[in-house]
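**Q** Chains as they are written, first to last, in numbering that gives the first Met the number 0: chain E, 0 to 155; chain F, 0 to 297.
Bear in mind the hints are in silico, worked out from the structure with no lab data behind them. Everything numeric in this text was worked out from a predicted model, so none of it was measured. Glycine included, every Cβ here is placed at the ideal spot set by N, Cα and C. Just to be clear, a hint being listed does not mean it is correct.
Here are a few chain F residues that face chain E, going by a calculated C-beta distance under 7 Å [what the hints assert, rightly or not]: (1) Gly34; (2) Thr35; (3) Pro104; (4) Ala191.
In the DSBU-like style, the derived pairs of lysine-lysine whose C-alpha atoms are separated by at most 35 Å in a straight line are [stated by the list, open to error]: (5) F:Lys55 - F:Lys43; (6) F:Lys234 - E:Lys55; (7) E:Lys1 - F:Lys43; (8) E:Lys2 - F:Lys12; (9) F:Lys29 - E:Lys73; (10) F:Lys279 - F:Lys234; (11) E:Lys55 - F:Lys29; (12) E:Lys73 - E:Lys116; (13) E:Lys116 - E:Lys154; (14) F:Lys248 - F:Lys284; (15) E:Lys55 - F:Lys5; (16) F:Lys143 - E:Lys1; (17) F:Lys25 - E:Lys1; (18) E:Lys2 - F:Lys234; (19) F:Lys248 - E:Lys55; (20) E:Lys73 - F:Lys25; (21) E:Lys2 - F:Lys56; (22) F:Lys234 - F:Lys248; (23) E:Lys1 - F:Lys12; (24) F:Lys5 - F:Lys56; (25) F:Lys143 - F:Lys25; (26) F:Lys55 - E:Lys116.
Below are the chains, spelled out letter by letter.
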Amino acid sequence: MKKLITLTVNDTEYEVAVAPNRTLTQVLREDLNLLGTKEGCGVGDCGACTVVLDGKPVNSCLVLAVQADGSRIKTIEGVAHGDSLHPVQETFVELGAIQCGFCTPGMILSATSLLEKNPHPTEQEVRQALSGNLCRCTGYQKIVEAVQEASRRMKG
Amino acid sequence: MLLLPKFDYEEPKSLPEALAMLSELKGNGKVIAGGTDLLVNMKKGTVRPACLVSLKKVEALREISGEDGGLSVGSHVTISEIADSDRVASTFPVLARSASCLGSPLIRNRATIGGNIVTARPAADLPPALLVLGARVELRGKDKDRTVSLDGFFTGPGTSVIETREVLTRIVIPSPPPFTGADYIKLGHRAALEIAIVAVSSRLTLDKPDGVIVDARVILSSVAPTAIHAVSAEKALMGQRPSEDLFAKAALLAVGDSSPITDIRGGAEYRRDMVNTLVKRTLLKAFNDARDMKGGNA
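Pulled out of the complex, with its shape left as it was, chain E reads as follows:
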């Protein structure tokens, strides 16, 4: 039986009727048409489906939409302010931290969550914070550099 749930996604409130067996990834993509959140492995290994749930980055493929009832969610669509990109998005573009782009939404949400908690992370802390997000293109170096550069820019 479907359940009526309320999700606040990127500061917009949605009421959705969902079957219990649908994941948060599915509801974001299929019901709310927020296609920035990707599904990769579906079992919590790759991090492509990362969203920020009540302030914490999580694998949305392992969250039932019904479990998220009443929660605040941030997806990649909610990271920029209007037309101006978040500093992490800017540095990802400028420093070549994006290749195929599939991991990018998840990487950016993990990175922005880290910088909110710890504005000046060490390289090690950046690598640890991104350790649940796999990238098969870049070799990670450019991604780590982009997060560190964003941290420097946000300081000013």
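Since the structure of chain E is already known, use the hints to place chain F on it.
**A** This is chain F only, laid out in the frame that chain E set:
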């Protein structure tokens, strides 16, 4: 895309309501906490509960509090809350260390301590640390409640003494004796999203800073059907004066206590060698902490 089979979902408002519900479901219901293990198994089709019961509305299950110098941890406290808790870090740093080894930051934000126990995986990260700390778990049922020592909890890979109508509500860790130190080391191919090849947790208690060992616990993980005590190693340490030679002797005995298998993560021979190495290292760190009383007392 991996799809989940159909099931019902309930969110009882209180623990008694949840227990009545589970009792009525007669084994067709399963508690969902973080879901990081359960949903994976349901997607793979290895578990097919008819109804998932979420306890997210039962606030009391998400509390960490001090109790008689020890600690009481609600079963739904997340792994990152444990890894980041000042209270845990100051009283039982070994527990914080094991929590920070689990999965990835994303998994740790959902996975719970109770879930890591009831899934009873032979390579789970928290049980070795909880076993050296002498943790007990509180199991609540509709008609009876019981508290069992974690030592008698696991019965095999994926199995434990918990009944389908019971809920693990709380983990209680007793106050550590003075001059006690502990360590947990997990060996994996990489630092995140890794299932241990071998993991070892050890705890030593001395009678005084330069005294003899009055309590020794050595837990081996991923080298037997459940996390086990290296009984002969523990026996060899008791009443002895700590030294590197003694630790080397205990480590060799621990190898004999293990029964590793060869699988995709590592060979049995390699695992035995690593038991030897990790037991020595964890004992050395436990001893140094016990002597210095650094970082709390466990």
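**Q** Hint by hint, note whether the structure agrees.
**A** Structure-based check of all given hints:
1. Gly34: holds, 5 Å
2. Thr35: holds, 5 Å
3. Pro104: Given a least distance of 5 Å, the restraint on Pro104 (chain F) holds.
4. Ala191: Hint on Ala191 (chain F): holds, closest Cβ of chain E at ~3 Å, below 7 Å.
5. F:Lys55 - F:Lys43: Holds. Lys55 (chain F) to Lys43 (chain F) sits at ~24 Å (cutoff 35 Å).
6. F:Lys234 - E:Lys55: Answer violated: Lys234 (chain F) to Lys55 (chain E) is near 45 Å, above 35 Å.
7. E:Lys1 - F:Lys43: holds, 23 Å
8. E:Lys2 - F:Lys12: Holds. Lys2 (chain E) to Lys12 (chain F) sits at ~16 Å (cutoff 35 Å).
9. F:Lys29 - E:Lys73: holds, 29 Å
10. F:Lys279 - F:Lys234: holds, 15 Å
11. E:Lys55 - F:Lys29: holds, 25 Å
12. E:Lys73 - E:Lys116: holds, 16 Å
13. E:Lys116 - E:Lys154: holds, 14 Å
14. F:Lys248 - F:Lys284: Holds - the C-alpha atoms of Lys284 (chain F) and Lys248 (chain F) are around 16 Å apart, at most 35 Å.
15. E:Lys55 - F:Lys5: Status holds; Cα separation ~28 Å.
16. F:Lys143 - E:Lys1: holds, 34 Å
17. F:Lys25 - E:Lys1: holds, 23 Å
18. E:Lys2 - F:Lys234: Outside the cut-off at roughly 57 Å; violated.
19. F:Lys248 - E:Lys55: Roughly 46 Å between the alpha carbons, so the hint for Lys248 (chain F) and Lys55 (chain E) is violated.
20. E:Lys73 - F:Lys25: Status violated; Cα separation ~38 Å.
21. E:Lys2 - F:Lys56: holds, 16 Å
22. F:Lys234 - F:Lys248: holds, 11 Å
23. E:Lys1 - F:Lys12: holds, 19 Å
24. F:Lys5 - F:Lys56: holds, 23 Å
25. F:Lys143 - F:Lys25: Holds - the C-alpha atoms of Lys25 (chain F) and Lys143 (chain F) are around 16 Å apart, at most 35 Å.
26. F:Lys55 - E:Lys116: Distance ~25 Å between Lys55 (chain F) and Lys116 (chain E) Cα, so the pair holds.
The structure fails to meet hints 6, 18, 19, 20 from the earlier list, while all remaining hints are met.
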